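Q: Listed here are the chains, written in short residue letters.
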Amino acid sequence: MAEEKFIVFDKNFTYGGLLSVSGLYRAARTFLESNDYSPYESRHEEQVFPDGKEILVELKGVRDLSDNASIRFETILQFTDITEQRVELDGKKVRMNKGSVSVTSRVILATDWMNTYEQKAFMYFIRVLIDKFIFKSYIYRAEKEAKKDYSRFEDELKRYLNMKEFR
Amino acid sequence: MVARKSIVFAPLRIRFRGEYDYDGLLDLIRNHFAKHLFGELKEPVFKYKSRPTGAEVEFKMLSNRNVTHYIKVYLTVKGRMWDMLREQKVIDGEKRIRTNGKLELYLIGEWELDYANQFGTAPDDKAIQRLQNAAEKWMQSNLDRPDGGLKYGDNKMTGKKYVENIIKSLHDDIKSFLGMEAML
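Going line by line, the protein sequences match chains D and H.
Be aware that the first sequence starts at 2, since it is given in this note's numbering, and climbs by one per residue.
Be aware that the second sequence starts at 1070, since it is given in this note's numbering, and climbs by one per residue.
No lab work stands behind these hints, which were simulated from the structure alone.
From a predicted model like this one, the values you see are computed outputs, not experimental measurements.
Mixed in with the good hints, there may be bad ones.
Unchecked claim - Straight-line Cα separation of at most 20 Å, SDA-like style, residue types lysine to any residue; simulated pairs:
#1 H/LYS1206 x D/GLN120
#2 H/LYS1171 x D/THR81
#3 H/LYS1237 x D/SER43
#4 H/LYS1147 x D/ARG44
#5 H/LYS1171 x D/PRO51
#6 H/LYS1206 x D/TYR118
#7 H/LYS1237 x D/SER39
#8 D/LYS159 x H/LEU1253
#9 H/LYS1244 x D/VAL49
#10 H/LYS1244 x D/GLN48
#11 H/LYS1237 x D/SER35
#12 D/LYS61 x H/GLU1250
#13 H/LYS1244 x D/GLU42
#14 D/LYS99 x H/GLU1250
#15 H/LYS1230 x D/PRO40
#16 H/LYS1237 x D/GLU34
#17 H/LYS1244 x D/GLU59
#18 D/LYS99 x H/GLY1248
#19 H/LYS1237 x D/LEU57
#20 D/LYS94 x H/GLU1250
#21 H/LYS1171 x D/GLU55
#22 H/LYS1237 x D/ARG27
#23 H/LYS1237 x D/PRO40
So that you can see chain H by itself, here it is in the shape it has in the complex (with noise of 0.2 Å):
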């Protein structure tokens, strides 16, 4: 089995600071994943705190998914809110409930080749063993670059360039959901 290895550019940070609906994104998030049907959806932390100048919340949501036989992609969500003051608001003559405050979230993307370990274990025989080893070595050093199916256009690729499109496209729905400006 190869160890996880992260895209190029992971993990893409968003800072955001004004008003926004909390309960549209974390379902904009978790519509994300499921979306792009990934698997069981985790949120192992959700932090709730309320202070004085505003309630704070810390979250993660992570999913994975296998891509093919050979290739499976991480998704993680990594948040945090503070100075969140709630607000009711007519918008459209209908009444909503608006956020006012900071954000800051973490796409993280991942992938791994081979989890099913197909090439890891070998049987007794040593002299297979060795010949497993040293061809895992060079699959390795020599295949398992994040860059090296851009040569050879190998499937493998097809792990990155989906996980790459998949953050890019949550990266740019959340932007647009927020209603910041520098968008495409």
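Bound-form chain D, shown alone (with noise of 0.2 Å):
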């Protein structure tokens, strides 16, 4: 198995409020694709009750960064309470929603992921050897990336849903 750490570990924030879940959807997957994460969900909820949608969608990515080094980002969509909204913007009557957020996100930094210091208890020694003293440059470019994505990846969703911190 690659050796995995938490770049960022169950990372949330919430927002209430009107808000398009579709439009939600397609700004997360729509960044990961454009940063070669190629995602795809693993799991796609969605509960229709008389007060209201409740949907989950977990997004997952994988991102190599070399032979060495990938990075692995899921993401929660949480949707709570959600019901059909008609806003007008700018003249026109747009179809939104309202309720409730969640985006939790998890950002994994996986090494030796093609697992080829694992053969034998030897290789695996070479490889703690390797890590600690040739690859460290490396791997610590690899985590700051992978926290730099992270944090694109916030400010893209927070800047979509117009959080006010972002105005």
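Reconstruct the complex from the two isolated chains, following the hints.
A: Printed below as a string of structure tokens:
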């Protein structure tokens, strides 16, 4: 198994009010697509209740930085009490939603993701030495890259939701 | 022959609770196999149970397709629907049967290399057998990785990318058919 390190562990932000479910989903997926994460939905759940919809989307993506390091991005968009709203924007009636959303993300840095050094105990020992003394700067750079990606992702979603701190 | 490998992210899971068109959904899945020129569609599992809370259906559909002489892809759709209550409703002036209930679908994509076993059988000569075994071992450890092709750009990636695209398009089609909110 690859060596995994949590760069971001279950970081969460919530928003309640007027939003567009499909727009937020599109923003998250487009971000991951444009950053080479090739996203996929491992879980997509939707429940329709009389007082609104409950939606859960789990988006996952993997970006291979090199033969040795890859970043795994996992984010859960959980929408609750989603109802339909017609809003007038620039003189046009637009379909929006009202409700709340909680975005939870996890970013994992996996090194030796091809399991090249795990076939023998000696190779495992060699990997520890290599990680500690030779690949240290590369791993540090990969960690920075993962952190940067997450902060850009969070900014993108917050900007989309028009949260106050981003105005 | 190399064992079947599932694509990195399989299975994709869709869960839905609400009103949907049961017959239309099954037709959509069957048509997806036909649209992508898969072979004979097999339905080894189809169970129907009638319960007081509503009917329960369990099904499995699978098929495969030879993409090239070397690559074969498999697509499997497993599903379970329960608490199904069928009602007749008028939609756009037409009488239609809608189903209210819960459903769960699993989409599984797999790919297989050297399905015809061209590299597997060796003639009686032991030296050639040893050479073939070594070549196959090397291929398995170095080239036949799900992501190996990204580096080398060889044509076996056709299989993986192909099944990825098929499964993603089926996933999107089902979501739009069920009228789910979170869609592209």
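Q: Each of the hints needs a verdict: does it hold here or not?
A: A quick look at each hint next to the structure:
no. : hint                 : verdict
1   : H/LYS1206 x D/GLN120 : holds, 14 Å
2   : H/LYS1171 x D/THR81  : holds, 18 Å
3   : H/LYS1237 x D/SER43  : holds, 11 Å
4   : H/LYS1147 x D/ARG44  : holds, 15 Å
5   : H/LYS1171 x D/PRO51  : holds, 15 Å
6   : H/LYS1206 x D/TYR118 : holds, 17 Å
7   : H/LYS1237 x D/SER39  : holds, 11 Å
8   : D/LYS159 x H/LEU1253 : holds, 19 Å
9   : H/LYS1244 x D/VAL49  : holds, 14 Å
10  : H/LYS1244 x D/GLN48  : holds, 13 Å
11  : H/LYS1237 x D/SER35  : holds, 17 Å
12  : D/LYS61 x H/GLU1250  : holds, 19 Å
13  : H/LYS1244 x D/GLU42  : holds, 11 Å
14  : D/LYS99 x H/GLU1250  : holds, 12 Å
15  : H/LYS1230 x D/PRO40  : holds, 13 Å
16  : H/LYS1237 x D/GLU34  : holds, 13 Å
17  : H/LYS1244 x D/GLU59  : holds, 14 Å
18  : D/LYS99 x H/GLY1248  : holds, 17 Å
19  : H/LYS1237 x D/LEU57  : holds, 18 Å
20  : D/LYS94 x H/GLU1250  : holds, 18 Å
21  : H/LYS1171 x D/GLU55  : holds, 13 Å
22  : H/LYS1237 x D/ARG27  : holds, 15 Å
23  : H/LYS1237 x D/PRO40  : holds, 10 Å
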